[in-house]
Amino acid sequence: MSIQVQQMERIFKFNGVRLPDPNPQLDIDGVRDLYASQYPELASASMRTETVKDRLLVTFEKVIGHKG
1 MSIQVQQMER IFKFNGVRLP DPNPQLDIDG VRDLYASQYP ELASASMRTE
51 TVKDRLLVTF EKVIGHKG
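Here the sequence shown stands for residues 1 to 68, numbered as in UniProt numbering.
It cannot be assumed that every hint is accurate.
[To be verified] The following label-pair restraints were derived from C-beta to C-beta distances:
hint, residue 1, residue 2, range
1, V5, P40, 33 to 43 Å
2, K62, M1, 44 to 54 Å
3, V63, S2, 18 to 28 Å
[Claimed, not checked] Result set (SDA-like, lysine to any residue): computed pairs, CA atoms no more than 25 Å apart in a straight line:
hint, residue 1, residue 2
4, K53, Y39
5, K53, Q7
6, K13, S2
7, K62, V5
8, K62, M1
9, K13, E41
10, K62, Q4
11, K53, N23
12, K53, M1
13, K13, Y39
14, K53, Q4
15, K53, E9
16, K13, T51
17, K62, I3
18, K53, S37
19, K13, E50
20, K13, M1
21, K13, I3
22, K62, A45
23, K53, E41
24, K53, L19
25, K62, E41
26, K13, L57
27, K13, D27
28, K62, Q6
29, K53, V5
30, K62, Y35
31, K53, R10
32, K62, A43
33, K13, A43
34, K13, K53
35, K13, R48
36, K13, I64
37, K62, V17
Because the hints were derived from the structure by calculation, they are not lab data. Beta carbons are placed, not taken as given, at the ideal position from N, Cα and C, and that holds for glycine.
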């Protein structure tokens, strides 16, 4: 019996929008940095990951705070 390794499909979500995986070779921080030019709030966003069936769901969430 051999073990097969499969890469999980990654799904990225931000502000209710599903973002395509730009490059499976990038780590999650790299994906966030790439999309930060399009969505500036991502630069300081937190992230939550969960496994759903055979997919990795990564949700970026705005950090709510106040200016000092």
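Evaluation of the provided hints:
| no. | hint | verdict |
| --- | --- | --- |
| 1 | V5 / P40: 33 to 43 Å | 36 Å, holds |
| 2 | K62 / M1: 44 to 54 Å | 46 Å, holds |
| 3 | V63 / S2: 18 to 28 Å | 44 Å, violated |
| 4 | K53 / Y39 | 28 Å, violated |
| 5 | K53 / Q7 | 13 Å, holds |
| 6 | K13 / S2 | 34 Å, violated |
| 7 | K62 / V5 | 33 Å, violated |
| 8 | K62 / M1 | 45 Å, violated |
| 9 | K13 / E41 | 13 Å, holds |
| 10 | K62 / Q4 | 37 Å, violated |
| 11 | K53 / N23 | 21 Å, holds |
| 12 | K53 / M1 | 23 Å, holds |
| 13 | K13 / Y39 | 12 Å, holds |
| 14 | K53 / Q4 | 17 Å, holds |
| 15 | K53 / E9 | 10 Å, holds |
| 16 | K13 / T51 | 14 Å, holds |
| 17 | K62 / I3 | 39 Å, violated |
| 18 | K53 / S37 | 31 Å, violated |
| 19 | K13 / E50 | 12 Å, holds |
| 20 | K13 / M1 | 37 Å, violated |
| 21 | K13 / I3 | 31 Å, violated |
| 22 | K62 / A45 | 5 Å, holds |
| 23 | K53 / E41 | 29 Å, violated |
| 24 | K53 / L19 | 19 Å, holds |
| 25 | K62 / E41 | 6 Å, holds |
| 26 | K13 / L57 | 8 Å, holds |
| 27 | K13 / D27 | 15 Å, holds |
| 28 | K62 / Q6 | 31 Å, violated |
| 29 | K53 / V5 | 15 Å, holds |
| 30 | K62 / Y35 | 14 Å, holds |
| 31 | K53 / R10 | 11 Å, holds |
| 32 | K62 / A43 | 9 Å, holds |
| 33 | K13 / A43 | 14 Å, holds |
| 34 | K13 / K53 | 17 Å, holds |
| 35 | K13 / R48 | 10 Å, holds |
| 36 | K13 / I64 | 17 Å, holds |
| 37 | K62 / V17 | 13 Å, holds |
Of the numbered hints listed earlier, those contradicted by the structure are 3, 4, 6, 7, 8, 10, 17, 18, 20, 21, 23 and 28.
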